[in-house]
Each structure stands twice: as C-alpha cells, then as structure tokens.
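Order-wise, the sequence lines are chains B and Z. Numbering-wise (our numbering), the first sequence opens with residue 4 and increments by one. Numbering-wise (our numbering), the second sequence opens with residue 4 and increments by one.
FYI, nobody ran anything at the bench for these hints, they're computed from the structure. For glycine and all other residues, C-beta sits at the position ideal for the given N, C-alpha and C. Do not take every clue at face value.
As the list claims (entries may be wrong) - Between beta-carbon pairs, the in silico distance windows are:
| id | chain 1 | residue 1 | chain 2 | residue 2 | range |
| --- | --- | --- | --- | --- | --- |
| 1 | Z | Ala-325 | B | Asp-311 | 51 to 57 Å |
| 2 | Z | Gly-91 | B | His-103 | 55 to 61 Å |
| 3 | Z | Asn-252 | B | Gln-329 | 53 to 59 Å |
| 4 | Z | Leu-140 | B | Ala-411 | 56 to 62 Å |
| 5 | Z | Phe-164 | B | Pro-282 | 38 to 44 Å |
| 6 | B | Pro-414 | Z | Phe-164 | 54 to 60 Å |
| 7 | Z | Arg-106 | B | His-103 | 26 to 32 Å |
| 8 | Z | Arg-106 | B | Thr-14 | 57 to 63 Å |
| 9 | B | Thr-14 | Z | Thr-251 | 55 to 61 Å |
| 10 | Z | Leu-140 | B | Leu-279 | 33 to 39 Å |
| 11 | Z | Ala-281 | B | His-103 | 29 to 35 Å |
| 12 | Z | Ser-54 | B | Ala-411 | 45 to 51 Å |
Number of protein chains: 2
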Amino acid sequence: MTPQQQNLVETVRERFGPKSVTTDADAIAPWLSDWRGRYHGASAALLTPGSTGEVSAIVALAAAAGVALVPQGGNTGMCGGATPPADGSALLLSTRRMNHIRRISAEENLAVAEAGVILADLHEAALEQGRRFPLTLGARGSATIGGLVSTNAGGTQVLRFGNMRSLVAGVEAVLPDGSVHNGLPVLKKDNRGYDLNQLLIGAEGTLGIVTAASLRLVPAVASRAVAWVGLETPQAALDLLRAMEARTNAIESFEIVPASALSLVLEQIPGTRAPLAAPQPWNALIEAVASGADDEAPGALLERLLGDALEAGMAVDAVVAASEAQAEGFWRIRDSISEAERTAGVTIAHDISVPIPDMPRFMVEGAAAVESRFPGTLVSPYGHLGDGNVHFHVRAPKGADEVHWYPAHAPEITRFVHDLVVASGGSISAEHGIGQLKRAELERLGPPVRVATLRAIKHALDPRGILNPGKLVTLAPEAPAP
Amino acid sequence: MTPQQQNLVETVRERFGPKSVTTDADAIAPWLSDWRGRYHGASAALLTPGSTGEVSAIVALAAAAGVALVPQGGNTGMCGGATPPADGSALLLSTRRMNHIRRISAEENLAVAEAGVILADLHEAALEQGRRFPLTLGARGSATIGGLVSTNAGGTQVLRFGNMRSLVAGVEAVLPDGSVHNGLPVLKKDNRGYDLNQLLIGAEGTLGIVTAASLRLVPAVASRAVAWVGLETPQAALDLLRAMEARTNAIESFEIVPASALSLVLEQIPGTRAPLAAPQPWNALIEAVASGADDEAPGALLERLLGDALEAGMAVDAVVAASEAQAEGFWRIRDSISEAERTAGVTIAHDISVPIPDMPRFMVEGAAAVESRFPGTLVSPYGHLGDGNVHFHVRAPKGADEVHWYPAHAPEITRFVHDLVVASGGSISAEHGIGQLKRAELERLGPPVRVATLRAIKHALDPRGILNPGKLVTLAPEAPAP
Chain B
4 MTPQQQNLVE
14 TVRERFGPKS
24 VTTDADAIAP
34 WLSDWRGRYH
44 GASAALLTPG
54 STGEVSAIVA
64 LAAAAGVALV
74 PQGGNTGMCG
84 GATPPADGSA
94 LLLSTRRMNH
104 IRRISAEENL
114 AVAEAGVILA
124 DLHEAALEQG
134 RRFPLTLGAR
144 GSATIGGLVS
154 TNAGGTQVLR
164 FGNMRSLVAG
174 VEAVLPDGSV
184 HNGLPVLKKD
194 NRGYDLNQLL
204 IGAEGTLGIV
214 TAASLRLVPA
224 VASRAVAWVG
234 LETPQAALDL
244 LRAMEARTNA
254 IESFEIVPAS
264 ALSLVLEQIP
274 GTRAPLAAPQ
284 PWNALIEAVA
294 SGADDEAPGA
304 LLERLLGDAL
314 EAGMAVDAVV
324 AASEAQAEGF
334 WRIRDSISEA
344 ERTAGVTIAH
354 DISVPIPDMP
364 RFMVEGAAAV
374 ESRFPGTLVS
384 PYGHLGDGNV
394 HFHVRAPKGA
404 DEVHWYPAHA
414 PEITRFVHDL
424 VVASGGSISA
434 EHGIGQLKRA
444 ELERLGPPVR
454 VATLRAIKHA
464 LDPRGILNPG
474 KLVTLAPEAP
484 AP
Chain Z
4 MTPQQQNLVE
14 TVRERFGPKS
24 VTTDADAIAP
34 WLSDWRGRYH
44 GASAALLTPG
54 STGEVSAIVA
64 LAAAAGVALV
74 PQGGNTGMCG
84 GATPPADGSA
94 LLLSTRRMNH
104 IRRISAEENL
114 AVAEAGVILA
124 DLHEAALEQG
134 RRFPLTLGAR
144 GSATIGGLVS
154 TNAGGTQVLR
164 FGNMRSLVAG
174 VEAVLPDGSV
184 HNGLPVLKKD
194 NRGYDLNQLL
204 IGAEGTLGIV
214 TAASLRLVPA
224 VASRAVAWVG
234 LETPQAALDL
244 LRAMEARTNA
254 IESFEIVPAS
264 ALSLVLEQIP
274 GTRAPLAAPQ
284 PWNALIEAVA
294 SGADDEAPGA
304 LLERLLGDAL
314 EAGMAVDAVV
324 AASEAQAEGF
334 WRIRDSISEA
344 ERTAGVTIAH
354 DISVPIPDMP
364 RFMVEGAAAV
374 ESRFPGTLVS
384 PYGHLGDGNV
394 HFHVRAPKGA
404 DEVHWYPAHA
414 PEITRFVHDL
424 VVASGGSISA
434 EHGIGQLKRA
444 ELERLGPPVR
454 VATLRAIKHA
464 LDPRGILNPG
474 KLVTLAPEAP
484 AP
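Isolated chain B, as found in the complex:
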C-alpha cells in the first residue's frame, strides 16, 4: 500500500467507521479477479461506502491524494471492467452496501434504486407493486444497478423495451473531483445543454461512480408463451419477426439459434430435448407476453401468428410450449449454448452488432469468410437477432486447446471478425462494453475520431485518471496491438 493509499484508508475508517473499509486480504480476494477468471488485479484495501455522501467524500480525498479508485458492483462484467490494475496502484470501491431502493411508485412506473441494489431484488420489488423492470440477464442474482447502468447492459429482453439506456430515466453519480451530479428527478423534457445522464450511462465508471438511478417500470407480465420455430435462413427469421411485430407489440424475445448450436447443446447438456421433430438449419425462440386483462392470451397469439407464417411458407416448423416446464426447456437450450461450447472445446466469443437489416447477410457471409480464412473453425452466430446483436462465436478446430491454440490464434481471428463488423458499419461491442478486453481493438478500429473524442472527454472530466484507470480509454494513446 502506498503512503497515500494508507492515509486514505485510515481517514475513511476514522470518518465512516469500520464498515466502510477492509484491508483483510481474504475478504478482498474474491473481488480481485473477474468471474470468468481472465483478469487478476491487486488492491490493498476494499472501500465500502454506505451512502452517496460517503462516496463523494472518498472520491474527493482520493482526488486530492492522487489515489485511483476502481468502482465495482456485482463483479459480473464480461470485459474485465471492474478488475483493478495488477500493480496495486488503485483501490477497489464496492457499492454493495448502497443497496436501498429509495422509492418505488407503481403510479409513476418508477423506481429509484441505489447502485448496489441487485437486479433480482429490483425485479422482486417491482413485482410486489404489480410492475416489472424489463431488463434481465443470466447474472441477475449478482449484477447490480450501478454496474448495469455503467455498462449499458442488454440481455435477452431488449427487443421491446430496449437496453439500460432506454430504461434509465435519471442518474446520480459522483464525479472524479468528488462533486455529485444529481440527475435523478425525472424530466421528460430538459434542454439545459449536454445530457450528462446519457454521458454517464455506459461510461464504465471512467467519468463518475454511479450511486443511484431512476428506472422506468412497465406493467407486470400476467402470462407468457414461448415458441420454437424452424427456419431456412436468418433472413427468414428476420422477416418472420417483422411480420409478427407488424401485428402485435407483445413479442419480447426473439433469439436465433443455428442448427450447430442446437445440436451441440443437445449433445453436451443433460436433460435437453430437441423442440422440433426434425432438425432445421436455423431456429428462433420467441416469447410473447400479456400484461393486461384486455391482451390476447399469448399462447393463442403465437399459435395464430405462427400458423399464418407456416401457411405463408415463412417458417418450416413451429411449436408453442404447452406448459411452463416446456417453455423453460426451450429457454434452457438458448441459455446453455455458452456452457455447451465450453464443455465441447475452445470458443472465441464476439459480442458484436450491425444494422439490423444487414444482420442476416452478415451471419451467413461473415461465418463463411471466417471458416474459409481459418480452416477447421466453425462459426456459430446466435442470440438477439431483433437487436442486430448476435454472439458471433468461433469454435476452434477439434483438438485445439486453451493453453497453446488460443493465444496463438484467437487475436488474429478476433481482428478478422472485428474488421468484418466495421466494414458493415457495426460495433465491436454490442452489449458487453470495452473494459480491458477490447481496449486495444477500440483503439485500432475506433474510428480515430471516436477514440480521440472519448479521450478528450476522459481528459476533461478526469485529467488525473482517478476513476477506473486502464478501462475503456486510457488518458494517453497506446501503441497499436501487435
């Protein structure tokens, strides 16, 4: 611990009590690596402020002393954005104690939640009010509001209500000098210059520590229905989605799964069963919901719309789950693809997006380009077709291993995929952010005007690099990756 860090820790303990900081290595250890075990950092102390005022005071002290801080929520990020630097130059600051829902109003369809509130707890609190917070993801039992706001998280339910950016109505954050931006009052119209709330959403804690957010709620789900559909091509899948959306706004998920991913799950994950009688080149998992008493029963709705689609030759086969257990079985297939890939071998994951109308072509042509350039690989693009966001996973040739093959080939394959994405006007990070993982690729593919602008903003608000150093964009330009 540097003398400056030591000083900071002692002052915090004195002012805010023993709950506000620990230097116990065993207590700190679990938070020093990301959950996938890719990044390992060091921090001699873990700061755990209990209020926005305490965060503000700590950041002001840290700024004065030149001590860098790494904000952390549930530590469920995919890009190493919450792992501190390995050299111990920064201290971890966890928002976990700030876990109060300050206000929840069914009438206003609004919740004001502190940064440390766990997503599943917010789901529950909303349900008790007959409402729903319509964003969910696998890590909902650990992911926190602060992290979800700071990564502009997505998930499997973005289709209808959007990602975090669409659901955040206001942000409270401590800026790098310790001052507090209070953007919590929900104003449908506010034209007082640059939108600071929008700037903080997705900033990965590099411009401010999000301490609370005003969040939009929607009506609770009264019932849902889930269908599995067999299709010839990704274009047919997108056509089907558009046709359904033209007739109802009840479609909340539309996930695409290629035959290769389905068969891998059936092979690797015990207890999974093929939803359709015969395998189809592409599959779509579709969920429809009803909220109000006036809404059509979602099962009947899906039967009707998919019946028409089959008749029109848009889809090859389709089944609507006859029970909640069967619906969960369909979702289990979708949610097990990553696990099946890990069990079967080595996979290089890419969380990318392109404009939605281009996605079907990209899935087919991009996969062919990769497989032809890197013989033996198999591309398995799956996920959020309706968001223009698939997880473009490249499975390594048989026999490849994590230790030798991955470092020798993954960077080149990833650069190749990212080049394809950029050529289609897409994004190398659709929903996971940049963190440490994609910083070099962002620097390489920016484009330069974007990187220069991000860097200028970072410089303007955090000139000394107090908040989350080494994430998203560094203060100084880096040498390009080899």
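Using the hints provided, position chain Z relative to the given structure of chain B.
Below, chain Z alone, put in the same frame as chain B:
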C-alpha cells in the same frame, strides 16, 4: 472582416465555387437577427457549404485560422442560439444547401436526412412512404433537421413518441477540428464507450455542426379525432390523461389550457369559438389517432373514454370534434395563445419543466406565488401537461409596456419563476434550449456541478471556441479546475 475571415472566405470560394459563400450584405441581412427580433448579430459573410465534406474542410480551415463559426438552420430558434455575435467576430454557416433526404425506408422505418432538410419536407417524404416523422411544431415550414437535432426540439406531439432525442437514431457531425463523426449507422446496441450521438443532440452546435441524422419513422396516421374537455383542476387533467393512457396508446396530444388563456384567445383572435357551452376553470385538448386497420376509430375511442370520465366525475364537460374543421378550430385555440397574449399586452414567457406528478401542484401554487409576489400579474400556464412541460407565461399588469415595464421587471420575475422550478427539481429550459437567452440563468442555477461539467466538455472538444461562441456555455477565462 478580419484578414483571417477574408482569407477563409476566399479559400472557400476558390475551392467550392460561388454557391458556397456570399458577402452580399442584403443576402446576409435576414439571417443576422432571430425571428422574434430579440437578438441582432453581424457576419461579413455567409458560408453555405453543399456537403459534409465541404463543412469539414471549412471547419478545418476555420480552426486553423482561429475563425469562429455560427451554424444556422431555419433560424427559428427561441433563445438566440443561431444569431452570430454582434461584434462580427464569427461567420455564419448555413446548412440550407444540404437539403437532401439521403435515404428513406418504410421497411426499416428510417430516414437519413441532411441538416438543411426542412421539417415539413421530411413530413411529406415520409407520408409518401406510408410513414410519419412524429415530431411537429409551429415552425415546421422553416425549421431544419440540423437545428431540430441541435436543440433537441419538442413540440405538441411529444407525448407518445418523445422529443428529437427519442427520434434520432444516429448523427453525422463535423467536430470543431473539422473531423467527421459518422454515427449514422443505426445500431440498436453499441457499447463502444461514451455515446457521442447523445452528446451532440441538444448541444446547440457548440460541440459539432450536425450535418445529417438518421431518424425514426412511425406508421402514418389513418385518422384522428380531437376533443375539448372541461376540468376542475390540473390534477384532474393529469388523472384523466393517466386513466386514458392505461386503456389505450392512441393518445398523441394532451394540452392543458387555463380559463384565462381560452378567454383571451376568444377575445383577441377573430373567428375562434368557445368549444364548450359554459367556461370551465381548466381545459384539455386531446388528440387520438388510428394508424392501422385494426385500430379503433379515434372518434369512437375518445367518445368512449371521455364518456367514462364524465360518468366517473373526472371531467366536467367534453366534446369530440364532429368534423375536421371543428378539430382544426380546437387546435387553432391552442396555437393562438401566444399571439393573443402579444395582442393583449406584455407577457414574460418561461419554457420550464418539472417532474410530471408535481406539475399540477406547480401550476397552481407557482402561479399563486408569482401573482402574490408581483401584484397585478396574471400567470397563464398552458401546454404539454403530459410531458411535465408547460409554458409558464406571466402576463404583465394592465398598462405595462415593452419598453419600460419589461426591462424593469421581467428579469426579476423570471428569476423568481426559475427559483420555483429549481426548488421542484425542474428544468429552466424544457424544450427551447439555452442559446443566449438563458445562459446567465443556467450559470446562476446550474447547479454548479452541471455548469462546470458542461464547460469542461466544451473545453475538451472546442478549446478555442470555434463553434457557436457565446451560446449555451462560454469558455471560462481559465481552464476548469481538475
């Protein structure tokens, strides 16, 4: 003209031809004052680039020479944001020649329009595709896309589809060094750091010159119905709106009009008629639309919902326009309030917002506070209740005049109103922006952390003050504190 300006003008003429610049004083004159005649500027030349490339080259030249530029669209702003400084230190740059709709797609519900496209022309182009761009305002025959994006414009149709920020899916802009940010590709998910599109929306041309935007379209209106409703209180009006929204999503406008504003219009504007048999303390103008064949006819919908409201005692009286002419008559009342006020005497306008649930209370208590503090004034809050945004107009005492009374009293009254707004967590600019008009008030009421952050961002992207100097936030004489 300074030698640097002279140089710039000559280089532009040489490189881009005679269409790209004029120094004819008569041609420039109409663009040197805002349309309300409050602000008067000077510019020795009017630059009129024909493409994004030309804007980029001009800004790069201007940056190199230290010549400031004032971007201008239709010159319909409410806050002097497009009027150049009076000392001639900046040159006007008009986007009027960049008036192409680059692409319009009914299937994708998308238009890509250049900055100089006039709103009414976009409306027409969308209609030809069976679609609609759902933002409109009085100046639609002159206002341009670039200005609408740069002021995050609102209007009377924000209730359902939101303001410009909600309708802009991508921004192309020339930054203060001449580089081009191309944010036009529409990505539903893109987490490559700070959202630069969002930063440019509502930035009033101080961070970049918007040269084009990707804009969302919605289904065209098949039919509409307009109702006039009499109510006891603003709270009853909000309750009615909430009750209607719980049963339909077809309500597109909900404008509140106090008895005093209605009677002023009836008195001052020839050809207007009272919609209801007896005057009511408050009135709501409600518009419902149908887009698809499956939608309920909006007239029948309003009859049904308002019938229930009358029965429940929520409303006192209501009439649904029996013809398009009658519907237009109702809208004419709403749209004539400003004109009636101007005809009748002196009015101080305030475009403010507070959180929606607080607006009914604010309208009553805020008005009472002003009238008690400034005897003889009459407060007439009207407009977009469902957006939490009313035009809080203070009518001067009888006999007051623009020349003496206004400068002697308006600033104090405005400060009083703004203090009330800030105390309610509201915004001193709901939809008109800051420009020159509200710069001092923004500086006074910021809050400080907001002003410091705006200034830091301005410094970061435009350190020499090349773009739209003197608007929104000024560069402080010294760099902002780290």
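Tested hints:
{"no.": "1", "hint": "Z/Ala-325 with B/Asp-311: 51 to 57 Å", "in the structure": "violated, 38 Å"}
{"no.": "2", "hint": "Z/Gly-91 with B/His-103: 55 to 61 Å", "in the structure": "holds, 56 Å"}
{"no.": "3", "hint": "Z/Asn-252 with B/Gln-329: 53 to 59 Å", "in the structure": "violated, 32 Å"}
{"no.": "4", "hint": "Z/Leu-140 with B/Ala-411: 56 to 62 Å", "in the structure": "holds, 59 Å"}
{"no.": "5", "hint": "Z/Phe-164 with B/Pro-282: 38 to 44 Å", "in the structure": "holds, 42 Å"}
{"no.": "6", "hint": "B/Pro-414 with Z/Phe-164: 54 to 60 Å", "in the structure": "violated, 44 Å"}
{"no.": "7", "hint": "Z/Arg-106 with B/His-103: 26 to 32 Å", "in the structure": "violated, 48 Å"}
{"no.": "8", "hint": "Z/Arg-106 with B/Thr-14: 57 to 63 Å", "in the structure": "holds, 58 Å"}
{"no.": "9", "hint": "B/Thr-14 with Z/Thr-251: 55 to 61 Å", "in the structure": "holds, 57 Å"}
{"no.": "10", "hint": "Z/Leu-140 with B/Leu-279: 33 to 39 Å", "in the structure": "violated, 52 Å"}
{"no.": "11", "hint": "Z/Ala-281 with B/His-103: 29 to 35 Å", "in the structure": "violated, 50 Å"}
{"no.": "12", "hint": "Z/Ser-54 with B/Ala-411: 45 to 51 Å", "in the structure": "holds, 46 Å"}
This entry does not satisfy hints 1, 3, 6, 7, 10, 11, going by the numbered hints stated previously.
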